[in-house]
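Asks: Here the protein sequences line up with chains A and B, keeping their order.
Going left to right, the first sequence walks through residues 1 to 283 as the working numbering numbers them.
Going left to right, the second sequence walks through residues 1 to 283 as the working numbering numbers them.
Hints may contain errors.
Unchecked claim - Calculated from the model, a selection of chain B residues having no Cβ within reach of chain A, i.e. all distances over 10 Å:
#1 Gln112
#2 Leu126
#3 Ser129
#4 Asp157
#5 Ser191
#6 Gly197
#7 Asp235
Unchecked claim - Computed footprint of chain A on chain B; a stretch qualifies when at least three of its residues, placed anywhere within it, have a C-beta under 8 Å from a C-beta of chain A:
#8 48-59
#9 250-262
What the hints assert, rightly or not - Just a sample of chain A residues kept apart from chain B, beta carbon distances all over 12 Å, derived:
#10 Pro18
#11 Cys24
#12 Asn69
#13 Asp79
#14 Arg171
#15 Pro222
#16 Leu242
Source of the hints: derived by calculation from the structure; they are not laboratory data.
All C-beta atoms in this analysis are idealised placements derived from N, C-alpha and C, irrespective of residue type, glycine included.
Number of protein chains: 2
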Amino acid sequence: MITTSSREPIRVTDPDDPRIAEFCSIRERDLTGRHGQFIAEGTVVLRMLSAAHAAGQGISAVKLLLLENRMAGLTQLLDAFSSDVPVYVASQAVLDRIAGFHLHRGVLALGQRRIVTDLLPHISALPASSLVLVGCGISNHDNMGAIFRNAAGFNADAVLLDETSCDPLYRKALRVSVGSVLTMPYRREGSAEELLGALGDARFEIWALSPAGHVEIGDIRPGRRVALVVGTEGDGLPSAILQSFKSARIAQNPQLDSLNVGTASGIALYHLARSMGRLTEPT
Amino acid sequence: MITTSSREPIRVTDPDDPRIAEFCSIRERDLTGRHGQFIAEGTVVLRMLSAAHAAGQGISAVKLLLLENRMAGLTQLLDAFSSDVPVYVASQAVLDRIAGFHLHRGVLALGQRRIVTDLLPHISALPASSLVLVGCGISNHDNMGAIFRNAAGFNADAVLLDETSCDPLYRKALRVSVGSVLTMPYRREGSAEELLGALGDARFEIWALSPAGHVEIGDIRPGRRVALVVGTEGDGLPSAILQSFKSARIAQNPQLDSLNVGTASGIALYHLARSMGRLTEPT
Numbered sequence: 001m002i003t004t005s006s007r008e009p010i011r012v013t014d015p016d017d018p019r020i021a022e023f024c025s026i027r028e029r030d031l032t033g034r035h036g037q038f039i040a041e042g043t044v045v046l047r048m049l050s051a052a053h054a055a056g057q058g059i060s061a062v063k064l065l066l067l068e069n070r071m072a073g074l075t076q077l078l079d080a081f082s083s084d085v086p087v088y089v090a091s092q093a094v095l096d097r098i099a100g101f102h103l104h105r106g107v108l109a110l111g112q113r114r115i116v117t118d119l120l121p122h123i124s125a126l127p128a129s130s131l132v133l134v135g136c137g138i139s140n141h142d143n144m145g146a147i148f149r150n151a152a153g154f155n156a157d158a159v160l161l162d163e164t165s166c167d168p169l170y171r172k173a174l175r176v177s178v179g180s181v182l183t184m185p186y187r188r189e190g191s192a193e194e195l196l197g198a199l200g201d202a203r204f205e206i207w208a209l210s211p212a213g214h215v216e217i218g219d220i221r222p223g224r225r226v227a228l229v230v231g232t233e234g235d236g237l238p239s240a241i242l243q244s245f246k247s248a249r250i251a252q253n254p255q256l257d258s259l260n261v262g263t264a265s266g267i268a269l270y271h272l273a274r275s276m277g278r279l280t281e282p283t
Numbered sequence: 001m002i003t004t005s006s007r008e009p010i011r012v013t014d015p016d017d018p019r020i021a022e023f024c025s026i027r028e029r030d031l032t033g034r035h036g037q038f039i040a041e042g043t044v045v046l047r048m049l050s051a052a053h054a055a056g057q058g059i060s061a062v063k064l065l066l067l068e069n070r071m072a073g074l075t076q077l078l079d080a081f082s083s084d085v086p087v088y089v090a091s092q093a094v095l096d097r098i099a100g101f102h103l104h105r106g107v108l109a110l111g112q113r114r115i116v117t118d119l120l121p122h123i124s125a126l127p128a129s130s131l132v133l134v135g136c137g138i139s140n141h142d143n144m145g146a147i148f149r150n151a152a153g154f155n156a157d158a159v160l161l162d163e164t165s166c167d168p169l170y171r172k173a174l175r176v177s178v179g180s181v182l183t184m185p186y187r188r189e190g191s192a193e194e195l196l197g198a199l200g201d202a203r204f205e206i207w208a209l210s211p212a213g214h215v216e217i218g219d220i221r222p223g224r225r226v227a228l229v230v231g232t233e234g235d236g237l238p239s240a241i242l243q244s245f246k247s248a249r250i251a252q253n254p255q256l257d258s259l260n261v262g263t264a265s266g267i268a269l270y271h272l273a274r275s276m277g278r279l280t281e282p283t
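Produce the entire structure from the sequences given, and follow the hints as far as they go.
Replies: Encoded structure:
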């Protein structure tokens with residue numbers, strides 16, 4: 001039985017309709033800042049947006065734009081948004097002209113994240129037993145998405161990004177994160193030195209991940225508050241960071257480039273989370 | 001000092017020049033089979049192609065197409081190819097019209113892989129101590145590239161793919177693999193059942209990786225010949241495989257989707273390779 005949503009969709013027939021202007025040419029605009037606004041794409045991310053919207057922790061949905069024939073299958077999900085979130089629908093042809101490419105998923109949302117710059121209170125408020133991922137200079141959106149997905153998968157408490165890292169709310173990073181950017185607490189502000197200084201003051205044990213690290217990641221016996229620091233692919237972490245903190249490595253074939261930073265974060269977080277007893281295992 | 005290559009480049013001014021027809025609209029053609037031919041993109045992959053070409057193990061370079069101003073910086077690399085590999089050069093405008101998009105890397109090569117269907121001899125010839133990654137139904141090129149990059153990084157002996165998996169030589173998979181597809185021995189043929197049957201006959205210990213796996217990956221004490229089996233994202237491995245073989249899991253937050261298969265392969269391979277003593281660690 002197909003039920004219809006209690007929400008009346010608004011039909012869009014003109015790709016230049018100002019009411020859906022935020023969705024125009026999203027592939028190009030993906031690289032421009034939007035003051036906390038972001039584009040969520042696909043059903044999975046929409047579901048995470050719905051959950052974050054309902055939780056009222058600073059993430060909200062502004063408007064939705066759907067392919068007309070997707071309405072019926074999304075009834076329950078649409079009803080989870082408050083009634084002041086308008087739902088626009090369009091034909092595939094109009095939708096493709098709005099987005100600027102063939103949008104086969106047919107599900108877009110405009111969201112808004114409240115911008116907060118409360119790094120020090122945020123760090124102080126972390127639990128006594130905490131696992132935090134710190135990203136420095138992460139410039140690739142796929143890697144950013146992978147980092148969030150892994151942080152969520154391995155029960156990290158927060159992601160902290162330096163100001164040179166890219167915005168995790170960019171459409172592609174959000175999609176690769178499978179929506180985790182919307183549920184994982186994070187901050188993006190300050191320099192790496194400032195972030196790590198604040199974490200040190202809060203008695204975090206800081207481990208910089210690098211192919212040149214001193215301790216094999218699988219051998220670390222972490223304390224109660226741990227920050228794992230990962231850097232950009234290619235250059236890796238600045239030597240000032242590697243010299244100032246403990247460093248961990250992931251043994252691999254030395255003839256090859258270092259691992260992808262997303263994969264490396266997954267391997268390291270799995271180990272740390274497991275060693276800290278943060279992963280429940282079926283018995 | 002900039003030295004010039006001993007090789008005389010051939011200038012292309014017409015995007016429809018038949019001599020470079022294989023490079024036309026590569027983004028669209030990425031999804032079509034080419035009987036073992038493939039497009040390598042970027043300096044890093046070109047270097048791997050050069051090494052594979054020199055090794056004479058069935059991979060060869062057919063022709064190169066470069067942005068004119070890249071020649072000077074690539075002298076050494078170009079000289080590593082045999083002199084019967086023509087090098088075409090073009091201006092940025094012509095190159096972009098050939099490729100069908102802005103090719104800022106400016107480095108393309110057409111390669112050829114000898115197609116071999118020798119699964120059983122290949123498996124028999126693996127070393128007494130072997131680590132093999134088996135992919136079933138891997139349909140996403142990014143994931144395929146990540147799997148090869150991890151297999152190479154953690155010193156696997158081979159990658160075996162069932163016939164439903166995508167071609168690792170596709171441009172994007174090759175690029176994400178950082179060229180590892182050109183150096184890692186692999187086969188793509190037969191069904192998953194046939195692959196695993198052959199591995200079982202060759203006394204491989206077979207571990208299927210799944211969120212529902214019975215043994216935590218970090219607790220496995222592997223034997224001398226180990227095959228790790230990973231499936232497609234979303235559906236995962238077919239239940240017939242999970243029921244027929246030992247299964248391993250990676251503990252994670254149960255509320256979330258399973259890990260990305262590329263990341264999961266990295267975590268599992270790191271553990272297996274390390275437990276098997278295949279990763280040398282600095283002392």
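Asks: Checking against the hints above, which ones are violated?
Replies: The structure conflicts with hint 8 only, although it agrees with all the remaining ones.
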